[in-house]
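Protein chains: 2
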Amino acid sequence: MPSYTAPIKDLQFILHDMLNVSAQETPGYAELEPDFTSAILEEAGKMATDVLAPLNRVGDTEGCTLDNGVVRTPAGFKDAFDQVKAGGWPGIDLPDEFGGQNMPYIMYTAVGELSSAANQAFTMYQGLTHGAASAILAHGTDEQKAKYLPKMTSCDWTGTMNLTEPHCGTDLGLMRTKAEPQEDGSYAVTGQKIFISSGEHDMAENIIHLVLAKIPGGPEGIKGVSLFIVPKFLVKDDGSLGERNGVACGKLEEKMGIHGNSTCVMDYDGAKGWLLGDMHKGMRAMFTMMNEARIGVGMQGLAQASVAYQNAVEYALDRLQGRAVTGTENPDGPADPLIVHPDIRRSLMDQKSFVEGGRAFLLWSSQLIDQSHRGGDAAAEGLISLMTPVVKGFLTDQGYDMTVQAQQIYGGHGYIEEWGMSQFTRDARIAMIYEGANGVQALDLVGRKLAQDGGKHVMAFFDMVKTFCKENGDVEGMAAFTEPLKAASKDLQAAGMFFMQNGMKNPNAALAGSTDFLHLFGHVCLGLMWARMARAALTALENGASDAAFYETKLATGRYYMARRLPATGLHLVRIQTGADTVMALDAAQF
Amino acid sequence: MPSYTAPIKDLQFILHDMLNVSAQETPGYAELEPDFTSAILEEAGKMATDVLAPLNRVGDTEGCTLDNGVVRTPAGFKDAFDQVKAGGWPGIDLPDEFGGQNMPYIMYTAVGELSSAANQAFTMYQGLTHGAASAILAHGTDEQKAKYLPKMTSCDWTGTMNLTEPHCGTDLGLMRTKAEPQEDGSYAVTGQKIFISSGEHDMAENIIHLVLAKIPGGPEGIKGVSLFIVPKFLVKDDGSLGERNGVACGKLEEKMGIHGNSTCVMDYDGAKGWLLGDMHKGMRAMFTMMNEARIGVGMQGLAQASVAYQNAVEYALDRLQGRAVTGTENPDGPADPLIVHPDIRRSLMDQKSFVEGGRAFLLWSSQLIDQSHRGGDAAAEGLISLMTPVVKGFLTDQGYDMTVQAQQIYGGHGYIEEWGMSQFTRDARIAMIYEGANGVQALDLVGRKLAQDGGKHVMAFFDMVKTFCKENGDVEGMAAFTEPLKAASKDLQAAGMFFMQNGMKNPNAALAGSTDFLHLFGHVCLGLMWARMARAALTALENGASDAAFYETKLATGRYYMARRLPATGLHLVRIQTGADTVMALDAAQF
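If you read the sequences in order, they're chains A and B. Using this note's numbering, the first residue of the first sequence is number 1, and each one after it goes up by one. Using this note's numbering, the first residue of the second sequence is number 1, and each one after it goes up by one.
There's no promise every hint is true.
Identical copies look the same in the list; a pair holds intra-copy or inter-copy alike.
Straight-line distance between alpha carbons at most 20 Å, and here's what the computed SDA-like set of lysine to any residue pairs gives [said to hold, decoys possible]:
id, residue 1, residue 2
1, Lys281, Leu241
2, Lys251, Glu220
3, Lys223, Ala324
4, Lys251, Glu417
5, Lys9, Leu174
6, Lys145, Asp278
7, Lys272, Arg448
8, Lys9, Ala588
9, Lys490, Pro567
10, Lys46, Met283
11, Lys490, Phe462
12, Lys251, Trp419
13, Lys486, Ala536
14, Lys9, Thr578
15, Lys251, Thr61
16, Lys486, Leu571
17, Lys272, Lys486
18, Lys490, Leu571
19, Lys251, Glu183
20, Lys178, Pro334
21, Lys490, Asp278
22, Lys46, Ala379
23, Lys251, Val475
24, Lys236, Asp401
25, Lys486, Ala460
26, Lys281, Ala188
In short, the hints are calculated from the structure, not lab data.
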């Protein structure tokens, strides 16, 4: 049975040593003093370790069941959900006027990593609710906000996102679900949606579905899509629940993982819905949810890698097998622990340097969101818009690879469900797919975000890297970070240049390199994060920090990333520079 | 529901155009005329497509059940097994004196890919039997051969390999199972073995377990391990079955995949066993099985990638989503098929170029085995000994990545079990682990095989590459193959040089790069395979081959590999050359 320990010290290091959050001008950040954030994270960590982690395998083995339209969650989920609600966790960053705690988004993300690592399938029930509440917050009328947000902030009512239909996933312009205007101002929503996470379950009094649908007679394709609020139970004016709406779960999907989350086929049969935001502007409203959801999915990739890594370390320290090639290290035992073997180390260092770098990347991105949403910082908004596909795609692709590596440490036991490592891998797999498959993220990055606003956001990123290297390159101990970072950033610039020179005449020449570019970009981001963390660690050591070992470990882990992982940028550049010729050489029939 | 089509044309291309098998002097090869191999492969393909593939999902969803010591295989498995036996497939390469067909091993591998792609879990029942029969063939007495081999060749009796115990996997010196000599010359075997594939089931009259155990009083550790034949039912002198032996399945493991295969905990309680081969030389006898088994596992990695790729292509051609960025390609439809998108192409080309290159690598390796075993060619024996960890590690690591990529093409449907793509990934995952986890393969390669016989086998490989490039580099169209191959081979040599210069003083400096070296080597091997296939395709085109499109496709696919995949060697070299410093920097407690 795997275990989970919240990485509180590491989160605190990123929040305070690296990002220095309480000194930032972003509204709400001044309150983020170390004592405060530590108290929050300690509590969240307890909840994750004591309440959520023990239910992770239960959720996987039991799964959800559908019986006569009623979906039952695994044993223990409802109790745990009540505890999470009682702790006020779901609304940690939502406005206090609706019952939330109004903390910055960065705290929502930090806490979210802990819940998600402990139990991804469970945490999705809150996560989807949060996304739906954010969309109502951004696009709802005052009446809609008053009606839905208090109950959604507390998770007494949960939320869902309904986009996909059997014949359309990424290409939502093909949507068939229709919403017909009614005399009372509502719409009658009819159609089938699939892959609806938390679509139906037994943990909330009501479920508020946000549904994309087309109003007959509107524009063709994606421009005729609107967003609707469709509650499971209609809500009366006094806030009490009225009659059951015309929406039901038609089927639960059997999936590779996240079995504890109910993934539903949702059938809408003239269900009463209300327009959320402007008519035919559903995609815009949905994207409010989706950008946040994409950061959240990046977090899931990181979180599974984090818990899988912890358990891999434990096994590598515990399992005795073979002898160190440089001489016995455990002479009193029948064999040395796995961790003495260089290739086991290589794997653990891959994992550790990714997890800690990725965690910094995630919190730094969350800070950008706060700077944008709370601080009205247009530069931060542009940068996070650029970064969103990188956070989602890079952290989930790499996060998955790391769960696979962690599973590999266990040898045969990694393949046996009882040990729990398979579940981490199976659960992590979905994060590469949903909220826009990673290929779509790469397309978004190269085809849209890179050139957004004349390319000024990517230029701002390059400047940030350059400035950092200039200001810190001469600090003793920093060359091992700034020199590889400069080289990697140069690769990224060269890739961008290749796209500019070739993408205009042939867009395929750029798009054939889109996934490589996303990974190249992700590595440079993690390189920057490691360089910043190294600088923070050196400062702490200079200042005589009491736990020098922590900071020395941080530096050694960072040097591993810079030496062993970051050079991947060179390979991605080589691939990108081959353009589209070999990629597009075959006719479809030749495959 | 996924489908499977045997890649017969591609196998024939490798056998005849590239390897020119019927012109080789290896005993048995002269008979491998195109008409003959085609007939064999067509029949095997029909069995795979019509009988085995339809049971793949059944096996996954039903799994095996254990009830009162009796293991039941999924519905339909027994009938299918009877059909496979009736076709004579299990003994295709076993000696005719025991009822086999005495074909070369290369044909066993070619047929094995088809069965394994169609149904990996099912095919393992025969595969293990084949491995056990090979060990008896190599190390058994005439009496043992006569007693067991006819029934094992036909698969009336199946076989197993019993190595792992709860506390020892790779490090078999820690073994506790004991074998006590009895007065009648047999041994009483007592102990517990885990992860025993096909350990108990209902498809055969008898099961012949090959069990590693220690004879009390023998040498310590691995030098005191012997191999025993322990039949489920004792075999009387007239060949009929006698009493039940003291061996039983104590538990079925719940696994991530290969649910159709019974993975058993086997309890031996004074079971009657007979020494196979020499006392205390059990590892040597077991390695006869294991080297073959490792090639077979490499085949599994390739096979799952192959079937996953086929289904990914089908979906990419069929699923309409979005429009080509260079202009609509399906103006009459609501959208273009996925295959128009460059990143989908990139993924499919990754898969296609791996599958076809890997298939050539596997058959070339099988040819080396034939040259060694049938032809007594010492150079081939040395080369395949060097290559075995590369075949196993590279084909399974990369094969797994490719099944993940194929699954990704399906978007959300890839995560839903009904579509079958998840099963390919889950089944492929085991191949990286069993028969020596891939980290152990890398250790075997760098720590043992590379320097074997003074390093002459790796030098022979370099010579082979060099000679090929010299002889073919000037042929029109070949520079796109020989130039990248030369560069990649240079990277491999530089890595070997780094190990020589640094590994003596610090073995960790070499072993920290072992996994990178295995992959670097694998890429160079596939580069060589593609160069040889390109040469064969050019020759066929020069000779006016009727199906020019096939050969043109082959060349284009190869050019993709050389341009986009082979440059990975550079990154592996960079990582290797960082040595052990960053890998071994942390104390165990710092993780």
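* Violated hints, by number in ascending order, as checked against the structure -> 1, 2, 5, 7, 10, 14, 17, 19, 21, 22, 23 and 24
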